[in-house]
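Order-wise, the sequence lines are chains U and Y.
Using my numbering, the first residue of the first sequence is number 559, and each one after it goes up by one.
Using my numbering, the first residue of the second sequence is number 12, and each one after it goes up by one.
Treat the hints loosely; a few may be bogus.
What the hints assert, rightly or not - Pairs of lysine to aspartate or glutamate residues, derived as DMTMM-like cross-links and limited to a Cα-Cα distance of at most 25 angstroms, are as follows:
1. K429(Y) <-> D672(U)
2. K723(U) <-> E404(Y)
3. K748(U) <-> D772(U)
4. K608(U) <-> E404(Y)
5. K146(Y) <-> D377(Y)
6. K405(Y) <-> D772(U)
7. K405(Y) <-> D800(U)
8. K694(U) <-> D421(Y)
9. K666(U) <-> E404(Y)
10. K405(Y) <-> E612(U)
11. K434(Y) <-> D672(U)
12. K106(Y) <-> D96(Y)
13. K608(U) <-> D361(Y)
14. K583(U) <-> E789(U)
15. K781(U) <-> E623(U)
16. K338(Y) <-> D377(Y)
17. K77(Y) <-> D27(Y)
18. K17(Y) <-> D37(Y)
19. K405(Y) <-> D672(U)
20. K676(U) <-> E427(Y)
21. K362(Y) <-> E610(U)
22. K405(Y) <-> E721(U)
23. K405(Y) <-> D571(U)
24. K572(U) <-> E314(Y)
25. K405(Y) <-> E671(U)
26. K405(Y) <-> E789(U)
27. K146(Y) <-> E26(Y)
28. K405(Y) <-> E632(U)
29. K668(U) <-> E404(Y)
These are computed hints drawn from the structure, not numbers from a lab.
In this text the structure is predicted, and so the values were computed from the model without any measurement.
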Amino acid sequence: MLKINNLHASIEDKAILKGINLEVKAGEVHAIMGPNGSGKSTLASVIAGKEEYEVTEGNILLEGEDIEELAAEERAHKGVFLSFQYPIEIPGVSVTNFIKTAINETRKAKGLEDMPAKDMLKMIREKSELLEIDRKFLSRSLNQGFSGGEKKRNEIFQMAMLEPKLAILDETDSGLDIDALRIVANGVNKLKSKDNAVIVITHYQRLLDYIVPDFVHVLHNGKIVKSGGKELAHELEAKGYDWIKEEVNA
Amino acid sequence: MSLKEKLVSSFMAFEDTVDVHSSVHDIRTEAIKTFEAEGFPSKRQEDWKYTSLNSILKHDYSVFPKNENALEFKDIKKYFIHEIDSYKIIFIDGKYSSHLSQTTHDGLDVCLMSAALTKPKYKVIIDNYFNKIAKKDGLSSLNTAFSMEGAYINIPKNKVVEKPIQIIHFSTGNEAAVMLQPRNLIVVNENSHVQIIERHQSLTDNPVLTNSVTEIFANKRAIVDYYKIQNDRQSASLIDNTFINQKQESLAKVHTFSFGGKLIRNNLEFYQNGERIDSTMKGITIIGDKQHVDHNTLVHHIEPNCESHQDYKGIFDDSSTGVFNGKVVVEKLAQKTNAFQANNNILISDKASINTKPQLEIFADDVKCSHGCTIGQLDESAMFYLRSRGIPEKEARALLMFAFSNNVLDSVKIPEIKNRITKIIANKLGVNIGFDL
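Input sequences plus hints: build the corresponding full structure.
In structure tokens:
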């Protein structure tokens, strides 16, 4: 599904990613953990196509295709989805209108007609129930005045609507109370299949109790310094990140 | 011969076509003298510092269109809000088109200025209202001097006019260049309610200059909803002078949607002559190329306990330029005034510019007045957010721009107008997405 080879990326000439190698196969869940400033969010943004970052070396292959030259929307059309750590507030655009536009623009890019309004409504109903989202919420301006939990649920609702092949959840657990965390994780788990893959980026192990990863990678100073199974997450939770840093520096 | 000289010398020819013994003619004669003395405004005048008329005054305009031109409804239907039943006062090259119009005298007058200015039965209204609040500056005086045709609307007491009234001026382009001086008079009496839509539309790329004057009288507890749709070709320029006199507890709202034309200057003035008056003016300006739109507003708070609300959004692309000059005067007597003004702008291109200038002159001490203007760019993080969801750059930009100007549409009470404006905006931004919110 996703293959990242020796990826180097920088912003304003400051190198952030310094040689990432990662392979994610369909049906897998990967967790990327690491201390603050290690490059986790940068990795997510670079995969999703944020233009401020410059890839200086290496490449990103999505189903064998190098996506570096593709714009963010083209990557989305190919099935990449990024759940934002800090979803943007957009006054004046309702959640419903936003998601409708996103779906129909994606369909347009694939040469398909707009989704019939009836099907759209049905899908919105189903997916909002999955995320326990109130219908009234959908007519509000996108993320404006939403609580932290509402914003994250709204991200996963969009993921449910867009049915991506590769979903990257960037710190989706931050700002969530335990109930919201459960709802979000439950949503992600229901959307998981053998045909898609999920990358969970998190600072804490908490979310991984609910979304159980097949692999855990530790990112430090722009590189993956350690990979393992789900038990690695527990080890990190218990021991913190310092021992990793020491191991690396040794 | 300059345009000014041409206009002044044409006045004698104009006099041959009108009754020189009427009281209106004295007003016209006075007005041409004012125009002769003042001429067209120049950038040396404070109010015209950022708007130069030079480029549009250089054409050799025909000041009295010679031909009677006709148009078929099917060819121009798209310029009407045709989805609704409405009264229509339609002009082609400054001449009334009975064929396209739908007027009435049934319990209200929705008809022609030329009739009102000449027929005895309208004399009292004309004497009481005509040219009573129009400014006596060069441009308005020029219009007054040649005032003959336009819309005349008189709504008696206690009348809610269900059907909106559309006033549309078409220019056929059958002459090389045309200057038009439409003159509208709208009197809305006690407890009455009227909705008006005004549009100027040229049909070819021959230059058109319209210098329009509209006087509106909202009497006690009257409600006036006025919509100006400015989406003309880039060969057409418009100077719109609108003056509104309000009596106690009246409500007047003007929405100005400026998307097209080469140069647009909106002089919009409200005079509050009574208590508990509400004056609202809102606008969306979206322009590009070398277009220029100037909103010059005035609210004159004369008596206590009144409100005014101004909300103008502007989006400027390419080398377009915008001006917002919003003046609020609060007289000493006008205690407990609430006056709000907002002007928010987005510059899409490095070459676009906006000059925004709030001007508050407050002589009362117990008032709430606020103003705020912003100039910014589109939020790049919002752009990435939308694009990461599969919305292409152009559509994402359009969605953000629409969202930015959207709240101006909240107060549009006719859904068909809202839909039309939404479509014009989508078209203007070159996208085919529904902004249905």
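Structure-based check of all given hints:
no., hint, verdict
1, K429(Y) <-> D672(U), "23 angstroms, holds"
2, K723(U) <-> E404(Y), "22 angstroms, holds"
3, K748(U) <-> D772(U), "16 angstroms, holds"
4, K608(U) <-> E404(Y), "12 angstroms, holds"
5, K146(Y) <-> D377(Y), "29 angstroms, violated"
6, K405(Y) <-> D772(U), "39 angstroms, violated"
7, K405(Y) <-> D800(U), "46 angstroms, violated"
8, K694(U) <-> D421(Y), "19 angstroms, holds"
9, K666(U) <-> E404(Y), "14 angstroms, holds"
10, K405(Y) <-> E612(U), "22 angstroms, holds"
11, K434(Y) <-> D672(U), "18 angstroms, holds"
12, K106(Y) <-> D96(Y), "23 angstroms, holds"
13, K608(U) <-> D361(Y), "22 angstroms, holds"
14, K583(U) <-> E789(U), "20 angstroms, holds"
15, K781(U) <-> E623(U), "23 angstroms, holds"
16, K338(Y) <-> D377(Y), "19 angstroms, holds"
17, K77(Y) <-> D27(Y), "15 angstroms, holds"
18, K17(Y) <-> D37(Y), "21 angstroms, holds"
19, K405(Y) <-> D672(U), "18 angstroms, holds"
20, K676(U) <-> E427(Y), "24 angstroms, holds"
21, K362(Y) <-> E610(U), "23 angstroms, holds"
22, K405(Y) <-> E721(U), "23 angstroms, holds"
23, K405(Y) <-> D571(U), "28 angstroms, violated"
24, K572(U) <-> E314(Y), "62 angstroms, violated"
25, K405(Y) <-> E671(U), "19 angstroms, holds"
26, K405(Y) <-> E789(U), "46 angstroms, violated"
27, K146(Y) <-> E26(Y), "22 angstroms, holds"
28, K405(Y) <-> E632(U), "13 angstroms, holds"
29, K668(U) <-> E404(Y), "16 angstroms, holds"
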